[in-house]
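Enquirer: Okay, here's what each chain looks like letter by letter:
There are 2 protein chains.
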Amino acid sequence: MGTVGFLPKLLSLVFFSVVVCFTNSVADVGLDERPSMPSGRASRPRFTGKFAREGGAVKTAYKYETRYFSQPLDHFSFAELPTFDQRYLVGGDGQWSSSGGAGGGRGPIFFYCGNEGDIEWFAANTGFVWEIAPSFGALVVFAEHRYYGKSMPFGSRDKAYENAASLSYLTAEQALADFATLITGLKRNMSAEKSPVVLFGGSYGGMLAAWMRLKYPHIAVGALASSAPILQFEDIVKPETFYNIVSNDFRRESLSCFKTIKDSWDVLESEGKKLNGLMNLSRTFHLCQKLNGTQELSDWLNSAYSYLAMVDYPYASEFLMPLPGNPIKEVCKSIDDHADGRGILEQIYAGVNIYYNYSGDVECFDLEDDPHGMNGWNWQACTEMVMPMSSSPDSSMFPPYAFDYSSYQDQCIQDLGVRPRPRWVTTEFGGHDIVAVLKEFGSNIIFSNGLLDPWSGGSVLQNISGSIVALVTELGAHHIDLRSSTEEDPEWLTSQRASEVNLIRGWINDYYEERRAAQGVENVVDFAASSTNASRVL
Amino acid sequence: MGTVGFLPKLLSLVFFSVVVCFTNSVADVGLDERPSMPSGRASRPRFTGKFAREGGAVKTAYKYETRYFSQPLDHFSFAELPTFDQRYLVGGDGQWSSSGGAGGGRGPIFFYCGNEGDIEWFAANTGFVWEIAPSFGALVVFAEHRYYGKSMPFGSRDKAYENAASLSYLTAEQALADFATLITGLKRNMSAEKSPVVLFGGSYGGMLAAWMRLKYPHIAVGALASSAPILQFEDIVKPETFYNIVSNDFRRESLSCFKTIKDSWDVLESEGKKLNGLMNLSRTFHLCQKLNGTQELSDWLNSAYSYLAMVDYPYASEFLMPLPGNPIKEVCKSIDDHADGRGILEQIYAGVNIYYNYSGDVECFDLEDDPHGMNGWNWQACTEMVMPMSSSPDSSMFPPYAFDYSSYQDQCIQDLGVRPRPRWVTTEFGGHDIVAVLKEFGSNIIFSNGLLDPWSGGSVLQNISGSIVALVTELGAHHIDLRSSTEEDPEWLTSQRASEVNLIRGWINDYYEERRAAQGVENVVDFAASSTNASRVL
Numbered sequence: 001m002g003t004v005g006f007l008p009k010l011l012s013l014v015f016f017s018v019v020v021c022f023t024n025s026v027a028d029v030g031l032d033e034r035p036s037m038p039s040g041r042a043s044r045p046r047f048t049g050k051f052a053r054e055g056g057a058v059k060t061a062y063k064y065e066t067r068y069f070s071q072p073l074d075h076f077s078f079a080e081l082p083t084f085d086q087r088y089l090v091g092g093d094g095q096w097s098s099s100g101g102a103g104g105g106r107g108p109i110f111f112y113c114g115n116e117g118d119i120e121w122f123a124a125n126t127g128f129v130w131e132i133a134p135s136f137g138a139l140v141v142f143a144e145h146r147y148y149g150k151s152m153p154f155g156s157r158d159k160a161y162e163n164a165a166s167l168s169y170l171t172a173e174q175a176l177a178d179f180a181t182l183i184t185g186l187k188r189n190m191s192a193e194k195s196p197v198v199l200f201g202g203s204y205g206g207m208l209a210a211w212m213r214l215k216y217p218h219i220a221v222g223a224l225a226s227s228a229p230i231l232q233f234e235d236i237v238k239p240e241t242f243y244n245i246v247s248n249d250f251r252r253e254s255l256s257c258f259k260t261i262k263d264s265w266d267v268l269e270s271e272g273k274k275l276n277g278l279m280n281l282s283r284t285f286h287l288c289q290k291l292n293g294t295q296e297l298s299d300w301l302n303s304a305y306s307y308l309a310m311v312d313y314p315y316a317s318e319f320l321m322p323l324p325g326n327p328i329k330e331v332c333k334s335i336d337d338h339a340d341g342r343g344i345l346e347q348i349y350a351g352v353n354i355y356y357n358y359s360g361d362v363e364c365f366d367l368e369d370d371p372h373g374m375n376g377w378n379w380q381a382c383t384e385m386v387m388p389m390s391s392s393p394d395s396s397m398f399p400p401y402a403f404d405y406s407s408y409q410d411q412c413i414q415d416l417g418v419r420p421r422p423r424w425v426t427t428e429f430g431g432h433d434i435v436a437v438l439k440e441f442g443s444n445i446i447f448s449n450g451l452l453d454p455w456s457g458g459s460v461l462q463n464i465s466g467s468i469v470a471l472v473t474e475l476g477a478h479h480i481d482l483r484s485s486t487e488e489d490p491e492w493l494t495s496q497r498a499s500e501v502n503l504i505r506g507w508i509n510d511y512y513e514e515r516r517a518a519q520g521v522e523n524v525v526d527f528a529a530s531s532t533n534a535s536r537v538l
Numbered sequence: 001m002g003t004v005g006f007l008p009k010l011l012s013l014v015f016f017s018v019v020v021c022f023t024n025s026v027a028d029v030g031l032d033e034r035p036s037m038p039s040g041r042a043s044r045p046r047f048t049g050k051f052a053r054e055g056g057a058v059k060t061a062y063k064y065e066t067r068y069f070s071q072p073l074d075h076f077s078f079a080e081l082p083t084f085d086q087r088y089l090v091g092g093d094g095q096w097s098s099s100g101g102a103g104g105g106r107g108p109i110f111f112y113c114g115n116e117g118d119i120e121w122f123a124a125n126t127g128f129v130w131e132i133a134p135s136f137g138a139l140v141v142f143a144e145h146r147y148y149g150k151s152m153p154f155g156s157r158d159k160a161y162e163n164a165a166s167l168s169y170l171t172a173e174q175a176l177a178d179f180a181t182l183i184t185g186l187k188r189n190m191s192a193e194k195s196p197v198v199l200f201g202g203s204y205g206g207m208l209a210a211w212m213r214l215k216y217p218h219i220a221v222g223a224l225a226s227s228a229p230i231l232q233f234e235d236i237v238k239p240e241t242f243y244n245i246v247s248n249d250f251r252r253e254s255l256s257c258f259k260t261i262k263d264s265w266d267v268l269e270s271e272g273k274k275l276n277g278l279m280n281l282s283r284t285f286h287l288c289q290k291l292n293g294t295q296e297l298s299d300w301l302n303s304a305y306s307y308l309a310m311v312d313y314p315y316a317s318e319f320l321m322p323l324p325g326n327p328i329k330e331v332c333k334s335i336d337d338h339a340d341g342r343g344i345l346e347q348i349y350a351g352v353n354i355y356y357n358y359s360g361d362v363e364c365f366d367l368e369d370d371p372h373g374m375n376g377w378n379w380q381a382c383t384e385m386v387m388p389m390s391s392s393p394d395s396s397m398f399p400p401y402a403f404d405y406s407s408y409q410d411q412c413i414q415d416l417g418v419r420p421r422p423r424w425v426t427t428e429f430g431g432h433d434i435v436a437v438l439k440e441f442g443s444n445i446i447f448s449n450g451l452l453d454p455w456s457g458g459s460v461l462q463n464i465s466g467s468i469v470a471l472v473t474e475l476g477a478h479h480i481d482l483r484s485s486t487e488e489d490p491e492w493l494t495s496q497r498a499s500e501v502n503l504i505r506g507w508i509n510d511y512y513e514e515r516r517a518a519q520g521v522e523n524v525v526d527f528a529a530s531s532t533n534a535s536r537v538l
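Residue numbers (UniProt numbering), protein chains in the order written: chain A, 1 to 538; chain B, 1 to 538.
Because the hints were derived from the structure by calculation, they are not lab data.
Just so you know, these numbers come straight off a predicted model, no measurement behind them.
Just so you know, not all the hints are guaranteed correct.
Identical copies go unnamed one by one, so any copy, or any two together, can satisfy a pair.
[Stated by the list, open to error] Pairs of lysine-lysine, BS3-like flavour, derived with a Cα cap of 30 Å: (1) K238 <-> K187; (2) K290 <-> K150; (3) K238 <-> K194; (4) K274 <-> K259; (5) K259 <-> K290; (6) K274 <-> K159; (7) K333 <-> K290; (8) K290 <-> K273; (9) K329 <-> K262; (10) K159 <-> K273; (11) K194 <-> K333; (12) K439 <-> K194; (13) K259 <-> K194; (14) K238 <-> K329; (15) K259 <-> K238; (16) K333 <-> K259; (17) K194 <-> K63; (18) K262 <-> K238.
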């Protein structure tokens, strides 16, 4: 039992996922009774389980039409493969048709780069785009990412997720090519070739938005990449970054809360080893079924803390779960308030109960609610999105853990039958020395981040150039700027969004101006046919 | 027989190929006895036949080592596919190791983006890179393009070219990903991560160089894209452009020569219809075997004229064939000199004999010297590289022809079992409105072109921004700047190369400066871990 916790496992946080791999080497962590990092198996399904797989149950005030666009499965080869239908949502057609556009054509297109889940859920949780679109006379398009929601190759989710072969076209480059093809096709079909396209995305979707602007500048004039950790690869940022930020979020609310959590792992582990210990743990945490080991409980707790850091919004929200405003403050308050001698695990329960049961109507908790044990992000994390994550014994409240690529790879091969390409993302998209690389290259990207968000550590937090800029808020969490405005928005958030609107307006105005300026000279390229008035340099 | 000439055929010029597709509709061209554009079947093999397939026979003064690098067949999927070995040539190691580099590490890397042929042949014909490398202390790498030379997937050329399935990974994006992976791997293996990489390429290789700088700015600091017609797609330039330039090249030397060629097609066609006409034509043109029709002879003539325009260098050269300096002038002189009543076809023969037989030792001409009738460029032209080409009745000396995509597609399906994606290149790489798109995006690309080169019409001929510049020479032909210097180089050529060297030096200096400037702030990205000194914007 003692070593079970050290088996290599993948921690896959939902939206988007932290993937941590446990070392096989007991010696690496010192003592075999020491608790390992929670593996988070229980948390994996929540995103796809609750949102993506049950798609259609999303409530939203935004009006859109649902359409489908036929896509090749492999944009970069001519292998004979079936096409698939990509879902996309279109709204704001009224304001767009009538807008006229600054260039005489139709208005701009605001394009959300769908990430790892049902696109309706992203549309419902990205109110910012819907709210600002009318003042731009913009059409709104939310494009679903392949292999998620209803955009399934091979005709169904089961077929798409059947095995490594069927999943092999689930890559970020293919998704970007889908977006490029969709945008180009839509514009042609709607005679809107001249409409400037602005990209939006949060989290992995923000990474896609930023990468798309860099790779397809001819297709989009700019990108708002919110909470997009494009630097969370290889050794670009320290692997402890993510868990340090989560831990700091708790420490800043309450040092005793931080300490209680940090101390709880050992207590949990030793409780689990006692006679009837697992039964007692199951009771303490109100689990529906008896634990088979402490790992699944640790995972469940880890997920709660990490998600809390991501959604530590200043107002009540229902992004991942229904939560009060400043939920970490509430969780810590509950943990601290229960320091009445009942025991550390009771304190922990009182805390996470706020995350998992804020509505108060859960009778017991089911840790394993994903019967498939498989979702798209696991695949992506085991192929391209290899983000090294460690937990530092000094600064993290989580059990210490050192990322070990070899175990990570073994686990991917074992679980999914695929070998990761851990260096491919930086080869394809860059990341190293990003300031130097992009200072004189590229333009019109906003990297927005809130420093409470654990993903901010892998994001771009400084201006790279005059038009590749960072908007950093001290009190923001995971892509809060993309959410709809509320009565309770703090001033810094309102101000951040206003900055974003101004920058986007600038991109669009520049676009129309450049087109006008270029019109006079655009036809020069075929003057050579007459061999006459060439602009001779030599 | 009269309609044979109108069957859709692919004209595939070698290095790189013009692909023209004949309309099936006789009505389109008016009269069915009117000659069609030559289909160029005879010219297809020359490049791969003479150079690529007989690789190894290339004589060169440049010293290099030949190495191989293992590449995934599909960089953009995780389908289980075999790897293949990409060939690359490495030279200048001595100057590089000892150079020290301006940044304290090793010197720069000059990387040639191999195009559609044997890389040794490109290395031998790209003296410019070899000549300038020592003064930069640069390592020289010539990377072979997949599916050419010795860089064959599936173990052999026969296997790689077996069918549409085996060829399906022959795409430009995969080639660029090969280059990116190779460069990254080489730098890591040689502990040269800090070495700036400069890309070079001519023709299709120049397109790859330009696209690579745009898509992989983190991998290369700049690109010299010589004679790179990245705009020869869709309707970006007029489809008549190419043949207009060829025709103008002849007209500027001699109006009567131009007229003789323009008139010759009808004569050739009607001669072919006479009793013993094909036999007479075969004799007139000193063919080894009797013609089966006039088409193959037309193709052969077309090839000669188009190539002559490409290699219309001011000095004697042996790029495609041994030729005198200013070969069009020589050809036209011969055509005009033979206007002595012997007949127009004899004049034509006297002209093309200079192209096909300048050495004078050919006894008879073999039009069909490609037993396979298949090469890599045909595949690329039938998949991504769909370049519409027409011949204008007004301005071209070639038979009139209007590009018809439908026939083009039919022919690709029939010949190669593949359906082209005619809009994919501009979706993936752009091209439309290039000035507006890149004015504020991207940097450090030289588009060099000579206006005698028929490919210049599809290239970038004006400065796009301060650092995406056009170097245009009135008297240059196909990537003459990449050739080794000669005693006979005209002043404009020396001056063009000096400009290129200065620009490249600027890129490299900027690179070192930016790295130095960035070093102080590069570590800012993980400051968020401590949640302290964040550069708060809001």
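Enquirer: Tell me, in ascending order, the numbers of any earlier hints that this structure violates.
Expert: Failing hints, ascending: 2, 6, 10, 11 and 13.
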